[in-house]
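If you read the protein sequences in the order shown, they are chains E and V.
So in the working numbering, the last one in the first sequence is 239, and the numbering has no gaps at all.
So in the working numbering, the last one in the second sequence is 316, and the numbering has no gaps at all.
Among the hints, a few may not be true.
In silico BS3-like cross-links for lysine-lysine, where the CA-CA straight-line distance does not exceed 25 Å [what the hints assert, rightly or not]:
id	chain 1	residue 1	chain 2	residue 2
1	V	K5	V	K200
2	V	K5	V	K71
3	V	K67	E	K231
4	V	K227	V	K269
5	V	K302	V	K282
6	V	K71	E	K231
Pair by pair, the computed Cβ-Cβ distance ranges are [what the hints assert, rightly or not]:
id	chain 1	residue 1	chain 2	residue 2	range
7	E	F184	V	N82	43 to 53 Å
8	V	D127	E	S191	31 to 41 Å
9	V	V210	E	G220	38 to 48 Å
10	V	E297	E	S18	44 to 54 Å
11	E	V172	V	R92	53 to 63 Å
12	E	R188	V	R92	50 to 60 Å
13	V	R115	E	G220	39 to 49 Å
Simulated from the structure, these hints should not be mistaken for laboratory data.
Bear in mind the structure is a predicted one, so any value in this text is a computation, not a measurement.
Glycine residues also receive a C-beta, built at the ideal position from the N, C-alpha and C atoms.
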Amino acid sequence: MRNTAAIMQRELLSLFCSPVAYIVLMGFLIATGVIAWVTSAFEPGAPATLRTVFTGTMFVLVIFVPAISMRTISEEYRSGTFESLMTAPVSDFQLVLGKYLATMVFYLIMIAGTLVYPIMMMIFGSPSLGVAFSGYLGLIAVGSAFMAVGIFASSLTRNQIVAWILGTIPLVLLVLFGQFFVQFFEGRLRSFFQSLNIVRRFDQFNRGLISSEDVVFFLGVTVLFLFLAVKVVESRRWR
Amino acid sequence: MIEVKNLSKFYGHVRAVDNISFTVAEGDVVGFLGPNGAGKTTTIRILTCYQPATSGSATVAGHDVFKESLKVRTEVGYLPENVPLYPEMRTREYLRFRGKLRGLDRPEREAAIARVTERCWLGDVIDRPIGQLSKGYRQRIGLADALLHNPRVLILDEPTVGLDPAQIRETRALIRELANEHTVMLSSHNLAEVEATCRKLVIINRGAIVAAGTPDELRQRITGGSKLIAELRGPNEQVAAGIRELNGVSDVHTEAREGWTRVTITSAKDLRESIYTMSTQKGWPLRELRREVATLEDFFVKIVAAAREETVTPKV
Ligand SMILES: Nc1ncnc2c1ncn2[C@@H]1O[C@H](COP(=O)(O)OP(=O)(O)O)[C@@H](O)[C@H]1O
Ligand SMILES: [Mg+2]
């Protein structure tokens, strides 16, 4: 527990020392601003809901989340600090969990930047706070699953950029499969891809519907990819 | 304290460590000596639980490096070869982080940091970002980290590589000091370094141990005694026969040179006086008499040269 906390704390320190963190923060806020403007969420007469903004935000996360996680494990391999970590009494699981928690703290700070939108809406209209809350829960659930995929990608390579690409590709496919490609399949395969439809699952949150199935889905993806990352970290030392 | 039995490590088909065995007793200071690529880092990484061996076993402080890896890791202080550090962290931040990983609570941690800061002369740089520091300071931070939890065993991989001569002297002095409180195993490709710091040597080449023992034992074993060279004016066979009769002679080689006889003698004893006595008794004038003590340097240089030749012209 102390090890996990120490690794998380150190990772956050390094994250905030790197320019990538600020580029990601700025880029994300600009991107969500543009989305809010393009979708005219704040036009007079528009319904006081963040649904379109959040849906757009989810697509943006496909690019930004792997950028947060890309350095976590790759950089330890590249700089050799992986060796000093793994020869201290630290388990592979503690390492991966600490990295995940650190990036999630950063992620929460990042999406906290979008709180201006519900606040503006409260000033100019009367949005449903319950729906806004559920929408944020959705963002956290999606972000957590994406982050786990990104951490897994980072555990595969010593090159940060490669880690970013490896993290982005499956997320793009995941988003596209459920939404667009699913129509080309039939039967079991179709229902399998439908269950992977992240866009639909996220939209449920966005509409204020928190179902345990969706929560379990995103939690499951998170656990699965963190587990895979632990296995990769383990196998790194077996060569 | 460290026990290695029939340890081997393959990287694919490359045999990096080939069936080595050695022990390091509690309180020993052992130098692990070998040319580049000999397998020192590989062995050390197995002992520090970073990599598993392909076969064989190793225990450190009584714990198996594979089965009780966490226990081994708590007992060992390790300085990796290239001293990996986080450049964006300050020295104190880094040592705090490492102290937490070592399971030290806050008062213990701060006390430990104060202790190693003094020990490794880090006072000047304790609040500076590591990325700005010289190689010498980085090396000391690595050592400070290895000492933080006051480990029973210290394993240092090439602790002075890349340092300037003054820093090398300082680091060697520090290691000698540490040897009083810890069991130390350090690796080096430099004989002088190992002789200056260690009480025992293990020489490794191409993954195999070629010799082990104290420097004196090794000198003995390597040459099987010393060499004597004498030149006397006398009949070849008679001189050879006379010398063979001397006590302690194991091998005699003679060579005629314009009336003089040049004799090369291998012997465990110093025979200079007996040869002088023989020369006066028999009336054979003596124009040269010297003893060549084989040095470890010669032995080690031979190993390194052989290793180098092999890398230039690889065996088919
Ligand atoms: N990760 C690795 N993959 C493949 N070969 C390696 C690896 N590490 C070391 N080797 C090879 O193993 C041999 C021993 O290397 P090493 O233990 O680093 O030697 P030393 O530390 O004595 O210089 C060398 O031939 C080296 O090329
Ligand atoms: Mg080495």
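ask   = Within a Cα-Cα threshold of 25 Å, do K67/V and K231/E meet the stated pairing?
value = holds (18 Å)
inquiry  = Given the hint of 44 to 54 Å, is the C-beta distance from E297/V to S18/E inside that range or not?
reply    = holds (48 Å)
ask   = Given the hint that K302/V pairs with K282/V, does the C-alpha gap stay at or below 25 Å?
value = The given pair, whose Cα atoms are some 40 Å apart, is violated under the 25 Å limit.
task = Starting from the hint 38 to 48 Å, judge whether the C-beta atoms of V210/V and G220/E obey it.
result = violated (56 Å)
task = With respect to the beta-carbon atoms only, verify the hint that V172/E and R92/V lie 53 to 63 Å apart.
result = Taking Cβ atoms as reference, V172/E and R92/V lie about 43 Å apart, which means the hint is violated.
ask   = Holds or violated: K5/V with K200/V, Cα cutoff 25 Å?
value = Holds: K5/V and K200/V sit about 18 Å apart, inside 25 Å.
inquiry  = For K5/V and K71/V, compute the direct alpha-carbon distance and say whether it is at most 25 Å.
reply    = holds (19 Å)
message = For the hint 31 to 41 Å, verify it against the beta carbon of D127/V and that of S191/E.
response = The hint (31 to 41 Å, Cβ to Cβ) is violated, given that D127/V and S191/E are roughly 60 Å apart.
Restraint check for K71/V with K231/E, where alpha carbons must lie at most 25 Å apart = holds (21 Å)
query = Does the Cβ distance between R188/E and R92/V fall inside 50 to 60 Å?
reply = holds (58 Å)
Range hint 39 to 49 Å (beta carbons of R115/V and G220/E) holds or violated = At roughly 47 Å between Cβ atoms, G220/E and R115/V fall inside 39 to 49 Å, so the hint holds.
request  = For the pair we were handed, K227/V and K269/V, check the Cα-Cα distance against 25 Å.
outcome  = holds (9 Å)
In this structure, the hints that do not hold are numbers 5, 8, 9 and 11, in rising order.
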